[in-house]
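Starting from the given sequences, assemble the full structure and let the hints guide the process.
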Amino acid sequence: MILAITFLFCIFLGRFLYIQLIWEEELHYRALDQWTREIPVNAGRGAILDASGELLAGNRAAYAVYARASAVEDAEGAADLLAGFLGDRETLLRKLTDRSKSEIVLCRRTAKEVVEALAEHEVKGVYYARNDERVYPYGALASQVIGFTAYDGTGTTGLEGYYDNLLAGKKGEILFETDLVGVDLKGAAAAYLPATDGLNLRLTLDVRIQSLAERVMGRVLGETSAKAVRAIVLDPRDASVLAMVNLPSYDLNEIPRSDLTLLNSLSRNRAVSDVYEPGSTFKIITAAADIEEYLRGNKRALDPMRHVFPSARTRTVDGTTIRCWSDHKNGKHANETLAEALNNSCNPCFVDIALALGKETFYDYLAAFRFGRGTGVDFSGESIGMLLPESSLRDCDFARIGFGQSIAVTPLQLACAAASAVNGGKYYAPRLAAGVFSDDGVKEEFAPVLLGRTVSEEASRILASMLEGVVRDGSGKKAYIEGYRVAGKTGTAQKYEDGVIAQGKYVSSFVGFFPADAPRYLALIIVDEPQGSYYGSTVAAPCAKEIFEGIIDIMKIPKEDTK
Amino acid sequence: MERTNRGRLRELFRAEGRGAGDLLFLGAVILLAAYGVVCVFSASYYNAEVQYGDALFFFKKQLAGFVLGLGAIAAVSFLDYRKIEKCGLPALIASLLLLALVFVPGVGKTNYGATRWLEIGPISVQPSEIAKYAFVLFTARYFSKDPGRMRTFVGVLPVLAAGGSVCLLIMLEPNMSVTMCVGAVMIAMIFLAGLSPKALAAILVPVLLLVPVLIAAEPYRLRRLSAFMDPWVSPKEEGYQLIQSLYALANGRLFGVGLFHSRQKFRFLPFAESDFILSVIAEETGFFGIVLLFALIGFIIIRGYRIASRCETFYGYLLAAGITTVFAVQSALNALVVSGCIPPTGLPLPLVSAGNTSLVVTMAGMGLVYSVSRHRRGG
Numbered sequence: 001m002i003l004a005i006t007f008l009f010c011i012f013l014g015r016f017l018y019i020q021l022i023w024e025e026e027l028h029y030r031a032l033d034q035w036t037r038e039i040p041v042n043a044g045r046g047a048i049l050d051a052s053g054e055l056l057a058g059n060r061a062a063y064a065v066y067a068r069a070s071a072v073e074d075a076e077g078a079a080d081l082l083a084g085f086l087g088d089r090e091t092l093l094r095k096l097t098d099r100s101k102s103e104i105v106l107c108r109r110t111a112k113e114v115v116e117a118l119a120e121h122e123v124k125g126v127y128y129a130r131n132d133e134r135v136y137p138y139g140a141l142a143s144q145v146i147g148f149t150a151y152d153g154t155g156t157t158g159l160e161g162y163y164d165n166l167l168a169g170k171k172g173e174i175l176f177e178t179d180l181v182g183v184d185l186k187g188a189a190a191a192y193l194p195a196t197d198g199l200n201l202r203l204t205l206d207v208r209i210q211s212l213a214e215r216v217m218g219r220v221l222g223e224t225s226a227k228a229v230r231a232i233v234l235d236p237r238d239a240s241v242l243a244m245v246n247l248p249s250y251d252l253n254e255i256p257r258s259d260l261t262l263l264n265s266l267s268r269n270r271a272v273s274d275v276y277e278p279g280s281t282f283k284i285i286t287a288a289a290d291i292e293e294y295l296r297g298n299k300r301a302l303d304p305m306r307h308v309f310p311s312a313r314t315r316t317v318d319g320t321t322i323r324c325w326s327d328h329k330n331g332k333h334a335n336e337t338l339a340e341a342l343n344n345s346c347n348p349c350f351v352d353i354a355l356a357l358g359k360e361t362f363y364d365y366l367a368a369f370r371f372g373r374g375t376g377v378d379f380s381g382e383s384i385g386m387l388l389p390e391s392s393l394r395d396c397d398f399a400r401i402g403f404g405q406s407i408a409v410t411p412l413q414l415a416c417a418a419a420s421a422v423n424g425g426k427y428y429a430p431r432l433a434a435g436v437f438s439d440d441g442v443k444e445e446f447a448p449v450l451l452g453r454t455v456s457e458e459a460s461r462i463l464a465s466m467l468e469g470v471v472r473d474g475s476g477k478k479a480y481i482e483g484y485r486v487a488g489k490t491g492t493a494q495k496y497e498d499g500v501i502a503q504g505k506y507v508s509s510f511v512g513f514f515p516a517d518a519p520r521y522l523a524l525i526i527v528d529e530p531q532g533s534y535y536g537s538t539v540a541a542p543c544a545k546e547i548f549e550g551i552i553d554i555m556k557i558p559k560e561d562t563k
Numbered sequence: 001m002e003r004t005n006r007g008r009l010r011e012l013f014r015a016e017g018r019g020a021g022d023l024l025f026l027g028a029v030i031l032l033a034a035y036g037v038v039c040v041f042s043a044s045y046y047n048a049e050v051q052y053g054d055a056l057f058f059f060k061k062q063l064a065g066f067v068l069g070l071g072a073i074a075a076v077s078f079l080d081y082r083k084i085e086k087c088g089l090p091a092l093i094a095s096l097l098l099l100a101l102v103f104v105p106g107v108g109k110t111n112y113g114a115t116r117w118l119e120i121g122p123i124s125v126q127p128s129e130i131a132k133y134a135f136v137l138f139t140a141r142y143f144s145k146d147p148g149r150m151r152t153f154v155g156v157l158p159v160l161a162a163g164g165s166v167c168l169l170i171m172l173e174p175n176m177s178v179t180m181c182v183g184a185v186m187i188a189m190i191f192l193a194g195l196s197p198k199a200l201a202a203i204l205v206p207v208l209l210l211v212p213v214l215i216a217a218e219p220y221r222l223r224r225l226s227a228f229m230d231p232w233v234s235p236k237e238e239g240y241q242l243i244q245s246l247y248a249l250a251n252g253r254l255f256g257v258g259l260f261h262s263r264q265k266f267r268f269l270p271f272a273e274s275d276f277i278l279s280v281i282a283e284e285t286g287f288f289g290i291v292l293l294f295a296l297i298g299f300i301i302i303r304g305y306r307i308a309s310r311c312e313t314f315y316g317y318l319l320a321a322g323i324t325t326v327f328a329v330q331s332a333l334n335a336l337v338v339s340g341c342i343p344p345t346g347l348p349l350p351l352v353s354a355g356n357t358s359l360v361v362t363m364a365g366m367g368l369v370y371s372v373s374r375h376r377r378g379g
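Residue numbers (our numbering), protein chains in the order written: chain P, 1 to 563; chain L, 1 to 379.
Rather than coming from a laboratory, the hints here were simulated on the basis of the structure.
Among the clues, some could well be false.
Coverage of chain L stretches by chain P, computed from C-beta distances (three or more under 8 Å per stretch; other residues unrestricted) [said to hold, decoys possible]:
id : stretch
1  : 186 to 198
2  : 264 to 274
3  : 360 to 367
C-beta atoms are modelled at their ideal positions from N, C-alpha and C, and glycine is treated no differently.
Here's what the structure looks like:
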């Protein structure tokens, strides 16, 4: 008998020991969850500022009002009181008595003053949690780049989305010790786990240049009745983006959330996410490849100084005839050197270059200039463009790539490739954010990332001076500014729709930079489907000029002796 | 034959008794019951405040039961246990009647889906608590009157019939755990009386075979059984009670969170003051608290059997051993339930759990055991 009972005692004592010594941790962890109810403490979201500290996205103090029905003592009284601040009494009363949830939102967002007034009444079971409202002092400025946040404050698009993990900070909690049904325990202190505010993000964007570019592009959009306009201004020295314009745009403070199609269209950063056929601006890349190969001693490369291109208007490749946009009559486009071919934007010359270099060499340059791959920009949803695969490439298509057809690129890809071609041959990953800092002094600068080299410094210098000639003597004349060494290249591309040329639809563009001998500012201008005049030289080049003049003004850049 | 088991017990306890009886035994019983009152207060005050608006609701009841129990001990102790020998059969019949009375509408009270209580005015009584002891009284009387009875199957039959009918009535309430408890006591009594192991097996096997049948008969038992295997399968229903008990144990760790500091008693743990008071004790005093508690309980059991083995009358021996067995079996079963070794059933921890019937009757029973120790010299 005693043996039997001792045996039973040993069994359960062993079991007690197992639970209380070994299993204890896991069980305790599970139990903790049921002992507390929590009210979230939202972290302050970091601000977004431009390069000089101008506020682009900030917070307006606001609060969410919560109730824990089980801790509410006088629901009727509380409803009466709250109705004076938060509206509809019946809804409030229903929420105050809803015990199906441990806590319920009475009001998602209300002004700080309201909460301060409310807090004085010390309503039992009603809590306040910071829930700031995101405000954008510049409204529509750079809206696609900055992006916006969802209702709950998490960044969803643009830089708000890309850098959400840095901006968001870490939520805190107020933990209440409660009984089974959520009634606060007497004498139990509420534990407060403070929130960690998010970091402030400093951009490379310069609000002055951004505003300037938006103003110029906005006017062009109106004047040409174009479908859309885009512009990128960057510092070629490290590919910091100074301005990125997509118009039409929308006000970040009044996001059209009800019309999702419209919102998706307006909020899309097409300078990064959409591709287009670049046309003649792409000749910069073809020329850069030829100069570099020639300098390296490639016998197939054409001498950039002395080679004289045949004057014929057409080239026949694979039985297809490729024509120049000009009729080559009356001595036009005759006996051109590379510099003149660039000035005239003569298509057959660039066909010659491409074919002379050959697919393999040329595609190496395309890869180095990051066509068909990402630029490494700090932005979500970047397109890599469209590049026909080298292995199945027909010669006639390859020939067209030489002057910017049969290839699709993003505006950012083209701007960065051009920057690399003229900055001494260094390809930097373009960047929108310059660094982060916290309000209590923690600071981190994001260093520019050199992704590789494209051409040599000498090739770069030669190309830049040729492009300066384009603005001085050639198709880019309308970007010329007296006393400043502006360089550039125009582009006029026909648009394709469903694989066929769309009649009367053009993309006019211009890539310009200055000073030509040591580029500090590079601008890519794209006017999508302008009505009336559609040449890059007449539509896009003047925009670059205006933007550059604005920059000269803002930065107080002195004139220099241009000879 | 009937002397062999008894003889073994005798060898275990060879010490001499005194005329004052086993005061250590009595002291341990009173100490345990007093500790129970404290524990009931600790486990129940929050729930009592919420449910009855009086934090001392359960405490007061338990204290009253404790005082009543002390009275019962005093009354029974002065009584010569041999005087009640003849009460065996009447006690059994009376308790069977009480058990049956539970089913009379208006008198029986249904709680948590089981009809287990009799309500007489302000007092509610749980007849099954009484029946356990009545059965012991009856069996002790029956076997001691003619020790030869256990040699034949026919001779044992009335005991089986008595135990069987008690079990049946309790089973109908339904109250499986007390049924099991009575069954275990029945087998223990027959064993204590000295039945041969072979004959014992002949009784035991059919009883054990009956267990799965009984489990299958009530669907809730099957669900509880599976909940016991893995309580997290249905954490809000069948598994809830066990999970909460495990949380309490885990929170107590080795040394406990301190008396009155249980977290689980804030309505997380159902029946915290009654069937699952051990969970709260484990949480507040830790594993070592449990060891000390069961050292005390073990001490009472060992002293109880020692009293039995030293008794010179066969009746006294069976009575003391039987009552001790009831106490031991209940204590062990409760601890097994609380620690999740066997499926959860409602069974109080004797002398500790809230519940006056159990407390008073158990204390009275312990008083009887003490009386046996007092009157061992032919008084």
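Hint check results:
1. For a cut-off of 8 Å, the count of residues in the stretch 186 to 198 of chain L with a CB near a CB of chain P stands at 3, and the three-residue condition holds.
2. Counting residues of the stretch 264 to 274 of chain L whose CB lies closer than 8 Å to any CB of chain P gives 4, so the stated coverage by that chain holds, three being the minimum.
3. Using a Cβ-Cβ cut-off of 8 Å, 0 residues of the stretch 360 to 367 of chain L lie near chain P, which falls short of the minimum of three, so the contact claim is violated.
Checked against the numbered hints given earlier, the structure breaks only hint 3 and satisfies all the rest.
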